[in-house]
Each structure stands twice: as C-alpha cells, then as structure tokens.
Amino acid sequence: MAVVTPAEVQAVAFLARVQLADGQAQHVAAQVDQVLAYVRKLQAIPTQSIEPTSHVLPLANVTRPDQTVPSLAPEEAVRLAPDRRGHLVRVPKVVDLS
Amino acid sequence: MTYEPVIGLEVHVQLATASKLFCGCPTTFGAPPNSQTCPVCLGLPGVLPVLNQRAFELGIRVAVALECRVAETMKFDRKQYFYPDLPKGYQISQYDRPLAHDGHLDVAVNGAMKPVRIHRAHLEEDAGKLLHDPNEPFSYVDFNRAGIPLLEIVTEPDLRLPEEAYAYLVELKAILRALGVSNCNMEEGSLRCDANISLRPAGASALGPKVEIKNLNSFKAVKDALGFEIERQQRAIEGRQTIVQETRLWNARAPATEPMRSKEEASDYRYFPEPDLVPFRIDAPAVEAARRALPELPAQHRQRLAETYGLSAYDAGVLAQSRALGALFEQAVAQYPKPKPVANWIMGDLLGYLNAHGQDPDTAAFQPAWLAHLLQALDGGAISGRTAKALFVESLERQRDPQELMQERDVRQIVDAGELERLVDAVVAEHQKSVADYQKGKANALMFLVGKCMERARGQANPQQLRTILERKLTISREAAL
Chain A
1 MAVVTPAEVQ
11 AVAFLARVQL
21 ADGQAQHVAA
31 QVDQVLAYVR
41 KLQAIPTQSI
51 EPTSHVLPLA
61 NVTRPDQTVP
71 SLAPEEAVRL
81 APDRRGHLVR
91 VPKVVDLS
Chain B
1 MTYEPVIGLE
11 VHVQLATASK
21 LFCGCPTTFG
31 APPNSQTCPV
41 CLGLPGVLPV
51 LNQRAFELGI
61 RVAVALECRV
71 AETMKFDRKQ
81 YFYPDLPKGY
91 QISQYDRPLA
101 HDGHLDVAVN
111 GAMKPVRIHR
121 AHLEEDAGKL
131 LHDPNEPFSY
141 VDFNRAGIPL
151 LEIVTEPDLR
161 LPEEAYAYLV
171 ELKAILRALG
181 VSNCNMEEGS
191 LRCDANISLR
201 PAGASALGPK
211 VEIKNLNSFK
221 AVKDALGFEI
231 ERQQRAIEGR
241 QTIVQETRLW
251 NARAPATEPM
261 RSKEEASDYR
271 YFPEPDLVPF
281 RIDAPAVEAA
291 RRALPELPAQ
301 HRQRLAETYG
311 LSAYDAGVLA
321 QSRALGALFE
331 QAVAQYPKPK
341 PVANWIMGDL
351 LGYLNAHGQD
361 PDTAAFQPAW
371 LAHLLQALDG
381 GAISGRTAKA
391 LFVESLERQR
401 DPQELMQERD
411 VRQIVDAGEL
421 ERLVDAVVAE
431 HQKSVADYQK
441 GKANALMFLV
451 GKCMERARGQ
461 ANPQQLRTIL
471 ERKLTISREA
481 AL
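Protein chains in written order, with the working numbering: chain A, 1 to 98; chain B, 1 to 482.
Simulated from the structure, these hints should not be mistaken for lab results. Glycine residues also receive a C-beta, built at the ideal position from the N, C-alpha and C atoms. Mixed in with the good hints, there may be bad ones.
[As the list claims (entries may be wrong)] Simulated restraints on C-beta separations:
(1) A:G86 / B:P337: 55 to 65 Å
(2) B:G203 / A:G23: 30 to 40 Å
(3) A:G86 / B:R304: 44 to 54 Å
(4) B:P134 / A:L80: 21 to 31 Å
(5) B:E72 / A:T47: 36 to 46 Å
(6) B:E408 / A:A81: 53 to 63 Å
(7) A:G86 / B:A206: 45 to 55 Å
(8) A:G23 / B:E72: 43 to 53 Å
(9) B:A254 / A:Q43: 50 to 60 Å
(10) A:G86 / B:Q399: 33 to 43 Å
(11) B:L48 / A:R79: 15 to 25 Å
[Stated by the list, open to error] List time: in silico DSBU-like cross-link candidates among lysine-lysine, alpha-carbon distance up to 30 Å:
(12) B:K129 / A:K93
(13) B:K129 / B:K114
(14) B:K75 / A:K93
(15) B:K389 / B:K433
(16) B:K210 / B:K173
(17) A:K93 / B:K452
(18) B:K452 / B:K442
(19) B:K129 / B:K214
(20) A:K93 / B:K440
(21) B:K75 / A:K41
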C-alpha cells in the first residue's frame, strides 16, 4: 500500500536540502513505503498499558551547574568554516533588508 | 465597517546565567566574534548538550510569577530549519511539552485593568548573530549568541490595541526585572518581541490572516508598528485586497512594515524529541517552593507604595517600575518623612537625568540620605530651589552628599533678612532709571532689578524673596514721592 507520495518526498528533500534527480522521488517514495511498512509491524504490539515516552533511558532531570568553562579560541572555532573574514564566518547574504 | 485588531505577542527574554543553556560557554555580551563557542554550541559531531540548572530554575520562577501551570514533565525538541546563524541545522526548543502554560498577567491600560492570558512559556537556545553589510553580497556570522538561554513567553491573542501591547510589555519587563531573571536590555538583545496581528470585522469570532512583525527594537517600535499595521490592513480590506499571511519587518525610519524577503522558505520545522536530552520532571513541592520564594512583584509593590505613603496610582507606578527607585524612595522617606516631595524629586529630577543620560534606574547610585539632606536644606531655606537642582545633579555626578558639597563651597543661600535688605538698597541706589521705569508701570524693570540683585548675591539668594523686598521698597518710595 503506497502511503508516501513522490510529492511528499520532494517536499521533505527540499526541506533537507537534498537534491533528487528526475524520477528519483518515485523510487525513494517506494523505499520509504517499505521502511514504514516494516515499522508498522510495531502496531501489532499491544501498548495500552505502556506510558508514552520521549526517551528510552530511565533518566530524568540531568542538569549541570551554571558554571563557565573555557571556550574554543576564535581561530579554532572558525577553522572549519568554508569562508571567513577575520574571526567571522562569511556566508551568502541571507536577508535583504533593503 | 469597523474592524477589530487581534494582537498577540511573543517575547524572548535572555535568562541571566553565567553559562549557555546546554554548554559551559560564557554569555558575556560584547565579547569578540566567535570567542564564546565550543563543540556543543557549534553543533560539532559527537557532543552532548546538558541543561543549565539555573536556566531551568529561572524559567520556573517566571512561570509561577505569571501564574502559569508548570508542566509536571517537560521535554526538549529539535526545531529544524536551515539558516546560517543556526550551526546545528536545528534549534533545541520545546514543542508539545513546554515548561509552562496557561498563565495570565493583568495590565493597566488607561486606568482599566486588562487581563492578558499567557498561552505558554518555554525554554530554548538562541541562534547566532548575523551581521549584514549593505555594500557586500555577504553576511557574517558570530556564534557567541548561539546557545544563549532564552525563555519564550507567548500571549493568547487577547490584546486589541497598540497601547495594550505596550502596557503588557512594560509590565512584563517590570516583573522580569523584579524576579532578577534577566537584565531585559533591549539594545543587547536580552529582551526581544515579535507581534502577531490580524483584523476582523467587529463582533466576528473567526480570526483574519495573521501577519507577524519582526525587527521591533523597542516597546515604542512595537506600538508604532502595530498602529501602522492596523491602518495598512484596514486599507487593504476596504480596497478589497487580500491580506497575505506573512512576516513583515518594521522599518522605523520609513516608518512602515515591509514584507521580509528571505531566501529561507517553507517553514515546516519537523519537530521531534531531542534524543540527547532526557525529560525533566517538576514536582509540586518544587513549584510551591518557587512560588513561596517569589519577591514582591510590581503590582504588589505599587499597591503597597500607594497605600503606605498615600501616593497616587501614577506616582506609585513610576516608583515601582524599578526595585532601586522604590527602595530609594522608601529609604529617603524614612529620613525625610514627606512622601510627595521625595517622590517628585525622584520622578522628576532623578529620572529626568537618568533618561537624558541613557542610564538605568536600577544601577543609578544615588543615596537616600543625599536626597533627604537636600530636601532638608531646601525646607530650611538654606538653599534656593535652583541651587538644590544644581546640587542634585552634582551630587549624582560626583557621588557626593549634597550636604558636604554645600559646606565645601558655601552655596548656602543668603537668608539673613538684614543682608538682603542692604543688598536690595544698594541695587536700587545704583539703578535709579530702572526704578523710575518700574514706577511708571514698566513691569519688566522689576525683573531687571531682581537680576541685578541675584548678580550681587552671586546667585545665592531666593529670587522670589528678592522680588518681594524690591516690590515693597519701590512701592514705599513711590508713595513717598507722590
């Protein structure tokens, strides 16, 4: 049963900045369908008595005290940036505030 | 047809922590670019965020002050979008289990109380800062802000007027400052506001298309932008144009809202639970403890000042806007028990000075005793009102007790009646022409003579007193001449 449409694949691909070649969306949609069909097996398991959870670990309230630790040196922080000026990362202009 | 504006506000407040929300990088404002980053806030692989305990506590403090329901369990989610200021490709925020929800805040607008419901308050990390150079096809990114702890406070669309939005922001800021959770400095980005507004025919219940306004750098900008947007949308509706649901930027120079042209499109954030952070439980005793630990909030503060000192609602409101001002007032009144003049000096001279010099009332160092000494000297007639004002500014600027300044420079006013009489006699003798002018009915001549007396007294006399003596003497001499 096809659930995911090529249009949905295109939309998600765009959001994830993934470029798909012509016809690839159709192919990927079918693959995603197969993955979802596999996951759907979980629906056969009775879960009425199980609390919903957002996390698999039996842990809660893990915090750290509000203490500073040394940061990276600016030179180190921008070392991986593809483009820079001084210690600023240079990127294509994003908002035209005119 | 009349239209009703429907307004909601989203406020982002930076929580006053030493370190970021999920890592130990410092939060110091104004540090050199990219000097406060680490693998966690830069989103490098293999790192784990850990929640800042203090940010968590400050968030709860705000939630109870706004009478919110604090979540028994809250969790963090990833809000995913691509933008150069967002190093991870997602922002750690809270989606369906926020820290708190369903609160409220009553604000006074034009003498009436306006209840504003708080929809929710949640913790999230800030993004980096984008710097734009109008002459270049580039933007520059400083990630020092990335990961700074924010609390986003969202109202229900309960506001109807720009003035209500303004009053809400003023009251919210006063509360946040009273709680000590943020410095609320808008210039530094510690307090930011976006506004949502739509129009609907008066009496309708369905909401019109919503416009979000950003780039609001001050509370005044919020008020002005909303006023502009109400007119713009009204004209559009009346001209049968469709209102586009969009984000607009406030341009204070135009002044107008302008559509935001952004290369970022399609906001489908695909939230999912942040797997790197476990859930957080907040039990009832913790909420109760936070509630008990609340300081006096601005509304209680205002009420107490008004009732204890017999101040007007307006005066109490001004004094209670800052903890420091309120304390200065109460301590000064303890030493000089006339509330009204003390309030007037703080509201007029002190606030006037601070506003003119862009200083924050909370950090202004003016001692209650100084004000008390100044007012005592003024009462006793030792100094003129004018000298008192000058002394006030001087003691503020030099951080000195006006009493000391008075002794040091002998600015005491001449109060000895005999001395003043002699002074006036000398001036009258020297300026017979002006005396004659006055006696012929030229009222200006009297002011000239008062000025001459002040000159001779080197400013250390009360001009009103001089005027009275002059009038008396000139009338007598005129009657004698007749």
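Hints and how they fare:
Between G86 (chain A) and P337 (chain B) the C-beta distance comes to about 60 Å, which sits within the given range of 55 to 65 Å. A hinted range of 30 to 40 Å is violated for the C-beta pair G203 (chain B) and G23 (chain A), which are about 54 Å apart. Look at G86 (chain A) against R304 (chain B): about 53 Å separates their beta carbons, and that is inside 44 to 54 Å. About 28 Å separates the C-beta atoms of P134 (chain B) and L80 (chain A), a value consistent with the hinted range of 21 to 31 Å.
Here the CB-CB span from E72 (chain B) to T47 (chain A) is close to 21 Å, at odds with the stated 36 to 46 Å. About 60 Å separates the C-beta atoms of E408 (chain B) and A81 (chain A), a value consistent with the hinted range of 53 to 63 Å. Checked against the given bound of 45 to 55 Å, the beta carbons of G86 (chain A) and A206 (chain B), roughly 52 Å apart, stay inside it. For G23 (chain A) paired with E72 (chain B), a C-beta distance near 50 Å keeps the hint of 43 to 53 Å intact.
Distance hint check for A254 (chain B) and Q43 (chain A): the Cβ-Cβ separation is about 56 Å, which falls inside the suggested range of 50 to 60 Å. Distance hint check: the CB atoms of G86 (chain A) and Q399 (chain B) are about 40 Å apart, consistent with the given range 33 to 43 Å. In this structure the supplied range 15 to 25 Å holds for L48 (chain B) paired with R79 (chain A), their Cβ-Cβ distance being about 22 Å. Distance restraint check for K129 (chain B) and K93 (chain A): the Cα-Cα separation of roughly 13 Å lies within the 30 Å cut-off, and the hinted pair is therefore satisfied.
Simply put, K129 (chain B) and K114 (chain B) have alpha-carbon atoms about 36 Å apart, too far for the 30 Å limit, and the pair is violated. Only pairs whose Cα atoms come within 30 Å are accepted, and K75 (chain B) paired with K93 (chain A) is rejected, the gap being roughly 34 Å. Restraint check for K389 (chain B) and K433 (chain B): the C-alpha separation of about 34 Å exceeds 30 Å, so the hint is violated. Between the alpha carbons of K210 (chain B) and K173 (chain B) the distance comes to roughly 25 Å, so the proposed pair stays at or under 30 Å and holds.
For the suggested pair K93 (chain A) and K452 (chain B), the alpha carbons sit about 67 Å apart, so the restraint of at most 30 Å is broken. This hinted pair checks out: K452 (chain B) and K442 (chain B) have alpha carbons roughly 16 Å apart, not beyond 30 Å. A C-alpha spacing of about 15 Å is found between K129 (chain B) and K214 (chain B), which places the hinted pair at or below 30 Å, so the restraint holds. Taking the CA atoms of K93 (chain A) and K440 (chain B), the gap is near 77 Å; set against the 30 Å cutoff, the hint is violated.
Pair hint K75 (chain B) plus K41 (chain A) holds up; C-alpha atoms about 27 Å apart against a cutoff of 30 Å.
Violated hints, in rising order: 2, 5, 13, 14, 15, 17, 20; the structure is consistent with all others.
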